[in-house]
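Student: Residues per chain are reported as follows:
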Amino acid sequence: MKDSSSTYQPPKAADRFLRWFCREELLEEVKGDLFEYYLLERKTKSEWRAGISYWFHVLHFLRPFALKRKIQDSNFNIMYKSYFKYAWRNMQKHRTNTLMNLLSLGVGMACFIFIFIYIKGELSYDKFHNDSDRIHRVVIDLFESDGGILPDATTPPALAIALQRELPEIASSTRVFPKWGRKFLIGANEDQQYFEEELIQTDSSFFDVFSFPFIHGEPKTALDAPDKMVLTRSMALKYFGRENVLGETLTIYGSNNQVKRISAVVEDVSEFSHFTFDFLTRLNFNNIDNNWGWWNYYTYVKVNQDTDMRALGGKLLGFYESARPDQERYAPIYTQAITDIHLKSNLKWELSVNGNMDNIYIFGALGVFVLLISCINYLNLTIADSLKRLKEIGVRKVFGAHKKSLISQFLIEALLTIIFAIVIGGVFAEALFRNMGDVLGRNVSMLQVENLQVFLLIGLTGVVFGILAGLYPALHMSSFKVASAVKGIVSKSGRSAKGLRKTLLVIQFSISTIMIVGTLVVFEQLKYVQNSDLGFESEQVLIIENSRRISNQETFKAELERIPAISRASVADGIIGGLNWTMTVGTPNGVLMNYVVTDPDFIDAMGFELLEGRNFDKERPTDAQGGNLIVNKKALSDLGLTMEDVGKPVPMFSNGDSIINGTVLGVIEDFHFTDFKSEIKPFAFVYRTNTKDYSYIKLNSTNIGQTLTQIEEAWNVASNGAPFEYYFLDETYASLHVQEEKLSNILLYLTFLAVFIAFMGMFAIANMTIKDRLKEIAVRKVLGASVTGVSGMITTKFLALVLVANIIALPLSYYLMSEWLSGFAYRTDLGPLIFTLALGSTLLVAWITVGYQSVRAALINPIRNLRQD
Amino acid sequence: MKGTQLGEFEELVLLIIGVLYPEAYGLNIRQEIITQTGRKVAIGAVHSALSRLQDKGFVKSELADATHERGGRRKRLFQITASGKRAMEKNHELRNSLFNQISDLALKGLNFGETN
Chain A
0 MKDSSSTYQP PKAADRFLRW FCREELLEEV KGDLFEYYLL ERKTKSEWRA
50 GISYWFHVLH FLRPFALKRK IQDSNFNIMY KSYFKYAWRN MQKHRTNTLM
100 NLLSLGVGMA CFIFIFIYIK GELSYDKFHN DSDRIHRVVI DLFESDGGIL
150 PDATTPPALA IALQRELPEI ASSTRVFPKW GRKFLIGANE DQQYFEEELI
200 QTDSSFFDVF SFPFIHGEPK TALDAPDKMV LTRSMALKYF GRENVLGETL
250 TIYGSNNQVK RISAVVEDVS EFSHFTFDFL TRLNFNNIDN NWGWWNYYTY
300 VKVNQDTDMR ALGGKLLGFY ESARPDQERY APIYTQAITD IHLKSNLKWE
350 LSVNGNMDNI YIFGALGVFV LLISCINYLN LTIADSLKRL KEIGVRKVFG
400 AHKKSLISQF LIEALLTIIF AIVIGGVFAE ALFRNMGDVL GRNVSMLQVE
450 NLQVFLLIGL TGVVFGILAG LYPALHMSSF KVASAVKGIV SKSGRSAKGL
500 RKTLLVIQFS ISTIMIVGTL VVFEQLKYVQ NSDLGFESEQ VLIIENSRRI
550 SNQETFKAEL ERIPAISRAS VADGIIGGLN WTMTVGTPNG VLMNYVVTDP
600 DFIDAMGFEL LEGRNFDKER PTDAQGGNLI VNKKALSDLG LTMEDVGKPV
650 PMFSNGDSII NGTVLGVIED FHFTDFKSEI KPFAFVYRTN TKDYSYIKLN
700 STNIGQTLTQ IEEAWNVASN GAPFEYYFLD ETYASLHVQE EKLSNILLYL
750 TFLAVFIAFM GMFAIANMTI KDRLKEIAVR KVLGASVTGV SGMITTKFLA
800 LVLVANIIAL PLSYYLMSEW LSGFAYRTDL GPLIFTLALG STLLVAWITV
850 GYQSVRAALI NPIRNLRQD
Chain B
0 MKGTQLGEFE ELVLLIIGVL YPEAYGLNIR QEIITQTGRK VAIGAVHSAL
50 SRLQDKGFVK SELADATHER GGRRKRLFQI TASGKRAMEK NHELRNSLFN
100 QISDLALKGL NFGETN
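So the protein lines, in turn, are chains A and B.
All the letters of the first sequence, read from the start, carry residue numbers 0 to 868 under numbering that gives the first Met the number 0.
All the letters of the second sequence, read from the start, carry residue numbers 0 to 115 under numbering that gives the first Met the number 0.
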């Protein structure tokens, strides 16, 4: 009788799987039982549930009794076991070689892992926002006097509002107003107040654009009232000792205290964000929504899904033109993807020091280079080693080994080495991460979850490289003829192996030389930057922040100048080399001019030399009004003035139709106030009598410690309780070249490692060559050759290889480094010294590595090597 | 002697084979274990135990005729061998003798609170 249930079929894949692993003789009864069980299950359960249950029982047959015996003890398995055994024996037999192989491969992999994870971090900036591909920053370039443009990250406050109103593609927009060097005195009560820097003022739409993860509170309501405040987890802990502080209040102290209600707590801002904050409050300036004149806001927008950014770019230009009817020329307005800002944007006023795409390429190339060098090393050593194993291979072939089985044997040996090397590399890389946090500028660990995945990926890459590195010797050695192999005759193939070995050595040394030259040039450039005359006396200048808190700055300055170690004190509203403002000077053709507001003592204190004209004068009140400037030479010439015009009123500002005159009171020499990549730009000093942000103190003593104590005493008397926070002007200048500093550090480490690996390779190859030629050396000595003669014969060959490598590498590195240096407006010369040094050092180290061994070989009593056979 | 020991689960399977005689095979042995002891076991576990019992010589088996509800596949029917019977008896005796050696005192000691 036909049973309807017999039409049910258990999952086919499960059956196939069972058939694959289950022993033939058990299969029938097992399948029968399972099938019967399945039919029973189907009576009460759905197909899906029964299928799951069927799979469960099939998987339960994965027990030793049911598995096919083939997997356990077939010929196949025994062979593989023996391969592992031989590989292990071979590794132990050549301990030095094995160790060198593992070390150089391990170091190479460590570099690769290190750089890979570092680059991955750099590339992941700002990707944590939801829809990060739809978030953009809108920026407008400024015009410079010569018609050039000055890329600038800041925008007027009216822009964000107008964009959202006029362009339907913009889903939401928000303004970010950063600290601009200010400090905020914030406290939960009178007793517990701290100075805070990381306070951003923004719009209620901040969280429509950005998505910083919330711990407490809601993004929708976080900033919907002017008195609301958002803070980070660590700030909540700092002020209240707990995380959930919703509803608490914090006061921002100032001329009029502002009480803020805490509406949300967010996670501390990720280090992979191009801007950071501890507090968010609402913007509370009047009349900014229609203001197109203040360039100190950052505008971020989130566009709608599937917006064509190029089309939007075109619309932006038109929009800006219609929004600014008062403008004669329209500076380009454009968008930057938020994920590109960290690596690709290098505008004036970036919110933090950005990375540099060029450096990423350089690091990436270096990582691959070092890995390449170590793989070449491995290849080289294995090939050299293989020539010694001809007899073993011959015997194997006589016993009936196929080409295939020889290949698998060598591949297994290679993979075993690679796996060991990956482990060593992983340990090295982790050690690097732990020790180089400050070089990288952030903490990295392979043990972080997201990096473990990367590690697996690298492991896979390593295995692929391992197969490549193992395949050549495997194919090469298994192709020997049996008879010649047993006799130890290496015919053409041996010679070709030696040729390949030489080529590989040359490649290694070329890469090493290029890296040496690169490191030297980067260091030279940094030294040049650090030692260059900036155009004024920048040493021993102390800057004290929070100076606005001093009510009478003139008295404070007088007090300071009573300290013998202080030669001059001054105050200013900006930091040369750091924070300064820009204005447009000159009419009809405006010059975009950087300026700092100072007092009359500044010029003297900083050691600026007046080429023409006079300094500001306290006795002449008009100096502190209107357009009375002291400018650098560049500014003078850009304004179209000459030294003759100094001291005479010239048209300087246009205010609608009226033109206001100003006077250049004095001219100073050009000086550096930006990084050395750009040309010196126009700069002006302006004198005003208001209270200023920073105190500048010029020291004339080397006893910094004692002087600082004295300054602090004077500060504490005058500062109304503001903290004594200071730094030296040199530090500001040093921070302009952070990227180059980072590059030079990493380059130094990598070059050292690359050279180390290359020379380890050369050491091993030389070692083998000499061992091969011990008899020849002995015969030569018996026939009267001297020690120097014999060792010279061997050393010269290796030195020749290094020379060839240098001949290839030096012109190449000259080209590469000229390219790199051309990115600097002020740069060091690529003198012959650097190249001589690279050539000399590679030759010297090669000579020591090979020379030592060859002399030792030449010193051996010839009898010892001739006595056998 | 290694290999002739009767494990706890094996003993259970062996007993059930006896109970189900002559119709004992993998699936109904499992079903019986579930109904008699409430222990949920996988089919694979039963087969594994059967294979061990057979290796030790405690059971023998033969293939029965094909039936329709198994998709035409034959089932393997198990029955206890003489040595299997002996192993069962030995286990049974050992357990009984051990149980009998437990003194009254030890058993009484379990009766908390009940005094003579």
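Treat the hints as calculated values from the structure; they're not laboratory data.
Check before you lean on any hint, since a few could be wrong.
What the hints assert, rightly or not - Pairs of lysine to aspartate or glutamate residues, derived as EDC-like cross-links and limited to a Cα-Cα distance of at most 16 Å, are as follows:
# : chain 1 : residue 1 : chain 2 : residue 2
1 : A       : 632       : A       : 668
2 : A       : 30        : B       : 10
3 : A       : 42        : B       : 68
4 : B       : 89        : B       : 10
5 : A       : 632       : A       : 678
6 : B       : 39        : A       : 40
7 : B       : 59        : B       : 92
8 : A       : 30        : B       : 68
9 : A       : 347       : A       : 140
Remember, it's a predicted structure, so these values are computed and weren't measured experimentally.
Student: Against this structure, judge whether each hint is valid.
Tutor: Going down the list of hints, with the structure as the test:
no. : hint             : verdict
1   : A:632 with A:668 : holds, 6 Å
2   : A:30 with B:10   : violated, 25 Å
3   : A:42 with B:68   : holds, 13 Å
4   : B:89 with B:10   : holds, 11 Å
5   : A:632 with A:678 : holds, 13 Å
6   : B:39 with A:40   : holds, 15 Å
7   : B:59 with B:92   : violated, 23 Å
8   : A:30 with B:68   : holds, 12 Å
9   : A:347 with A:140 : holds, 9 Å
Of the numbered hints listed earlier, those contradicted by the structure are 2, 7.
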